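J.: Required output: the full structure, derived from the provided sequences and hints.
Number of protein chains: 2
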Amino acid sequence: MNRSASILTDDETVFARIRSLATDWAIHRLGDIQTLNELPAGSLVIVDTAASSLSRTSESGWRAFFQLHRIVMASSQPSDDEGLRWLNLGASGYCHAYGAPATLQQVLDVVASDELWVGRSLMKRLLAGIGKHRTDSGNWVQALTPREREVAQMAADGESNLAIAEALGITERTVKSHLTTIFEKLAVSDRLQLALKVHGIR
Amino acid sequence: MNRSASILTDDETVFARIRSLATDWAIHRLGDIQTLNELPAGSLVIVDTAASSLSRTSESGWRAFFQLHRIVMASSQPSDDEGLRWLNLGASGYCHAYGAPATLQQVLDVVASDELWVGRSLMKRLLAGIGKHRTDSGNWVQALTPREREVAQMAADGESNLAIAEALGITERTVKSHLTTIFEKLAVSDRLQLALKVHGIR
DNA sequence: AGCCGTATCGTACTCAGGTACTAGGAGAGT
DNA sequence: ACTCTCCTAGTACCTGAGTACGATACGGCT
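Residue numbers (this note's numbering), protein chains in the order written: chain A, 2 to 203; chain B, 2 to 203.
For the record, the hints were derived by calculation from the structure and aren't laboratory data.
Remember, it's a predicted structure, so these values are computed and weren't measured experimentally.
Treat each hint with caution, since some may be false.
All copies of an identical chain are treated as equivalent in the list; a pair is satisfied when it fits inside any one copy or across any two copies.
[Unchecked claim] In the DSBU-like style, the derived pairs of lysine-lysine whose C-alpha atoms are separated by at most 35 Å in a straight line are:
1) Lys198 <-> Lys177
2) Lys186 <-> Lys125
3) Lys198 <-> Lys125
4) Lys198 <-> Lys186
T.: The structure is reproduced here in structure tokens:
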């Protein structure tokens, strides 16, 4: 396959890692950020956020680069906020420079397909900013029966017992019954503790 | 490799396509949405948004399913809005049911790695919308006095009125008094709603 | 046939949470 | 001085939530 990518980094370890793990890819090394201008348009590039020559490029300079190529920013100390900054400037991806080999391979594959690659935790923040996404923190589900899951979710979302009963077409007494079981299974004392557990707080 | 996934669809074409393209995967077919409860926790599942049995599941039912498994919603007529709805409910991915084989393969790989898969155009929208929403989640603090903030935070963390009173060296009555003011200022009815607001859920 | 898990529902009870109405003292600003 | 907000607190009262101690029915497993 004719797959090649370039990388810009000052860190020998990062370079060696990426070169070795990406077996499907031919990796070229860039000496300076300005050499991005010499690559054919649409090239796949990994840029180490710690590379020294980065500081000489303005914000609009970055926007231009991101338009020209598909660029993945790799940080050795990634954070959601840093990732957000790069993605907002137009980066095609943001990942951990020392991430798992399989993950880095995946990042390259995805970005090469003209998709964007955003890590899990940052993605959740993006979704949370738009709607009310909440996943994870969740082996609580596995302890519950299907019916109990519905009741637990609604109670955790702030619905009253009566509201839950009406929504599910059962009596309030049955809702209470389910909740008692749920509290016992999840080792919580009331619906507020349940909500904290379901929504992954503490 | 021991890679298997399940699919729920009424559409023979979709089933045939996915089965044929995903050579690395063993694909099982599900007959009904309820069979999700019988799969081992954390299973990888593709669900056709047009499947007839979907309508019988409530919103909270979906949330529970999404926490139990890694579920990719596949639509034959995808839209950003529809995608956003599913992802907000907790889906692990949203893609085109008739998408390019290589893309679908990638979706499975990515989701199997416990990442989220969001298409390019939807991702752009998420990134565009991040700025304003993120600031107003901390808005509740502004409306409250310092003392009220302390009480609100503790109540939102699940502490009882008595526990808050003892921690702050005041009577339970005063805690109640603060809470009544807090509820009024933040336009919520009880401590559970307060917790959801403080922790940025709805 | 018997056991067990799940889902449903009844009555009665306790109690934490929340409201209504009220009010005194401390401190800041006019 | 006067007003205003904040923090504090008492008594009385109501209600939703949760528990105790049941019950019936259905389906699967041994």
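J.: Work down the list of hints and note, for each, if the structure agrees.
T.: These are the hints, each one checked on the structure:
no. : hint              : result
1   : Lys198 <-> Lys177 : both (19 Å within a copy, 25 Å between copies)
2   : Lys186 <-> Lys125 : both (28 Å within a copy, 29 Å between copies)
3   : Lys198 <-> Lys125 : both (17 Å within a copy, 18 Å between copies)
4   : Lys198 <-> Lys186 : both (12 Å within a copy, 26 Å between copies)
When held up to the earlier numbered hints, the structure conflicts with none and fits them all.
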